[in-house]
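**Q** Chain residues, written in single-letter form:
2 protein chains.
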Amino acid sequence: MKAQILMVSLFALGLATAVAAETTPKDEPIKPIEAAVVKDAGMVELGKKLYFDPRLSKSGAISCNSCHNLSMGGTDNLQTSIGDHWQQGPINAPTVLNSSMNVAQFWDGRAKDLKAQAGGPIANPGEMAFTHELAIKVLDSIPAYKEEFKTVFKKDAIDIGMVTDAIAAFEETLVTPDSKFDQWLKGDDKALSEKELAGYKLFKDSGCTACHNGAAVGGNSFQKMGVVEPYKTDSKAEGLVAVSKQDADRFKFKVPTLRNVEMTYPYFHDGAAKTLEDAVHTMGQIQLGKKFSDEETGNIVAFLKTLTGKQPDFKLPVMAPSTNDTPRPDPFPKDAAAK
Amino acid sequence: MKAQILMVSLFALGLATAVAAETTPKDEPIKPIEAAVVKDAGMVELGKKLYFDPRLSKSGAISCNSCHNLSMGGTDNLQTSIGDHWQQGPINAPTVLNSSMNVAQFWDGRAKDLKAQAGGPIANPGEMAFTHELAIKVLDSIPAYKEEFKTVFKKDAIDIGMVTDAIAAFEETLVTPDSKFDQWLKGDDKALSEKELAGYKLFKDSGCTACHNGAAVGGNSFQKMGVVEPYKTDSKAEGLVAVSKQDADRFKFKVPTLRNVEMTYPYFHDGAAKTLEDAVHTMGQIQLGKKFSDEETGNIVAFLKTLTGKQPDFKLPVMAPSTNDTPRPDPFPKDAAAK
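Just so you know, the sequences run in chain order A and B.
For what it's worth, this note's numbering labels the leading residue of the first sequence as 200, then goes sequentially.
For what it's worth, this note's numbering labels the leading residue of the second sequence as 200, then goes sequentially.
A few of these clues could be false.
Chain copies aren't distinguished; within one or between two, either way the pair holds.
[As the list claims (entries may be wrong)] No more than 30 angstroms apart at the CA atoms, straight line, and that leaves these computed lysine-lysine pairs for BS3-like:
no. : residue 1 : residue 2
1   : Lys489    : Lys423
2   : Lys349    : Lys379
3   : Lys238    : Lys509
4   : Lys400    : Lys423
5   : Lys379    : Lys514
6   : Lys314    : Lys514
7   : Lys473    : Lys345
8   : Lys514    : Lys238
9   : Lys345    : Lys509
Please keep in mind that the hints were generated in silico from the structure rather than gathered at the bench.
Please model the entire structure based on the sequences and the hints provided.
**A** Rendered as structure tokens:
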């Protein structure tokens with residue numbers, strides 16, 4: 200009887216060891232992304248509607264999803280975005296995917312979190328060009344929204360804090376687990392090809408992981424753009440200095456996440472790098488003083504493409520119609536025609 | 200034994216009669232909408248991606264869904280749409296919902312079907328401002344699209360006919376069954392309130408169903424806008440005459456569907472009627488020579504709101520990224536700045 204128990208125990212131990220050997224998570228500077236834990240499903244659903252609702256803009260035509268398109272990697276894939284009345288934006292729209300992991304929001308970090316960010320574009324005259332007051336008036340005039348806000352927030356009156364809370368709650372669900380690289384990190388040695396693995400080794404050995412690390416492969420620090428050589432650009436953006444007012448922070452930008460980077464072209468705060476090859480070449484040169492060969496660049500790009508994870512997976516929300524009391528959009532103001 | 204069979208038969212007959220009485224479809228000028236029958240699911244999925252893909256526009260920012268937003272009743276809820284470089288469109292964007300039932304497409308009927316319509320906006324300089332050649336170049340540069348076209352069409356080379364076939368196949372699925380009114384039509388007498396029923400009776404007795412009939416409650420004929428009184432508008436659109444070149448067709452427009460009309464504001468080809476009450480009032484006056492009282496208008500509006508059916512119900516499509524060979528969007532052409 201004792202012998203039997205011992206044998207069973209040894210067998211179980213053997214199995215456990217075998218399983219562990221196959222799935223031992225790797226200790227790397229990049230960490231896997233875990234699936235989002237939804238705290239308040241009702242708030243997420245409300246936030247999803249708000250994210251897709253163009254009535255939060257002056258024109259009635261621009262929603263969060265216009266520039267952070269969830270069909271396209273959470274970006275608009277433009278060098279700089281198109282704002283109200285086709286104004287040219289000053290900076291490249293960063294992806295909303297995995298943005299909850301960022302140390303702060305916007306390239307210069309001027310919003311401390313997603314909630315603080317969400318109100319910005321709505322009221323920015325160069326983006327959605329609305330006001331928070333009008334946004335609330337719109338929502339307040341639509342009974343289905345009123346009801347949903349009441350259910351989620353247990354309050355009668357809608358305010359902008361609830362709007363940005365709900366949008367942030369939805370955005371927190373926009374994480375992209377299960378990339379090939381994460382499968383490899385979690386112990387599946389066959390998840391990466393030799394070329395992809397060579398690319399990752401070079402990425403790490405060259406020092407890229409000094410800034411591009413953690414679960415988001417970036418997003419967790421501000422770094423100077425142009426460490427070894429100055430970065431040449433037409434962009435007027437100066438980064439963190441605009442927030443900190445510290446001269447040392449001039450040209451320091453939030454390190455972008457490299458998750459889903461295959462989908463978030465073009466690259467850099469000025470959107471000047473059209474391809475991943477361009478971006479890798481420039482980063483090597485101005486940040487690390489390295490000139491990668493075409494083969495090396497190709498390997499790094501192959502690695503970077505393994506960072507594409509599971510994209511947002513949900514039904515297109517349908518919004519309740521406006522009512523006779525809803526302020527109407529104003530896409531073609533009469534005075535604008537004179538400009 | 201015989202008696203038993205007879206009794207069972209009588210009982211069955213009684214049951215059948217009772218069921219029939221509850222669900223006898225009503226014989227009305229408006230017919231229920233049936234759910235879409237998908238003939239080729241692969242083609243529908245491909246068409247859905249194309250419908251949402253802004254890379255079919257010059258700017259990289261305008262997709263079919265921009266002006267025919269499936270979160271918002273298949274329209275943009277603007278008086279006239281916003282085209283490339285914020286150009287003001289000449290006419291109100293009709294809903295894509297149930298558009299497969301239209302006798303022809305566009306307000307003037309210049310496209311005979313959805314396939315013929317789908318190519319129009321892509322190449323219209325005032326809308327998506329692209330060319331069919333460039334659209335094909337974009338799709339051809341993206342391996343996932345190439346593969347999907349090949350699977351669906353069994354051909355190696357993508358052409359614009361396949362693109363418009365796929366978009367049309369997706370649009371054919373955008374029908375909205377199960378409205379309250381359809382439940383009533385199918386025999387559920389309790390589906391409509393007294394007010395809604397009074398509204399429908401007035402709608403029918405006033406002659407509205409002369410044009411707004413069939414499953415789409417419109418969409419199946421061209422009628423003169425301004426039968427009893429001329430319609431006053433700033434719009435330069437003249438309707439069917441532009442296609443037929445027959446003087447008698449001046450100001451004849453395709454009768455719009457009233458399905459989901461609560462969601463497809465503002466109304467008429469010039470988008471001049473902001474509310475359903477406005478639209479009912481004007482139609483009564485200029486088409487029928489009737490002046491509806493506020494109560495009558497209210498009843499008709501209550502009926503019209505029962506025409507809102509089941510909205511499109513599908514997952515937001517995710518598109519494969521562009522490659523280094525994909526023509527890049529051009530939202531801010533250098534020569535346009537001089538304009």
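**Q** Of all the hints given earlier, name the ones this structure violates by number, lowest first.
**A** none
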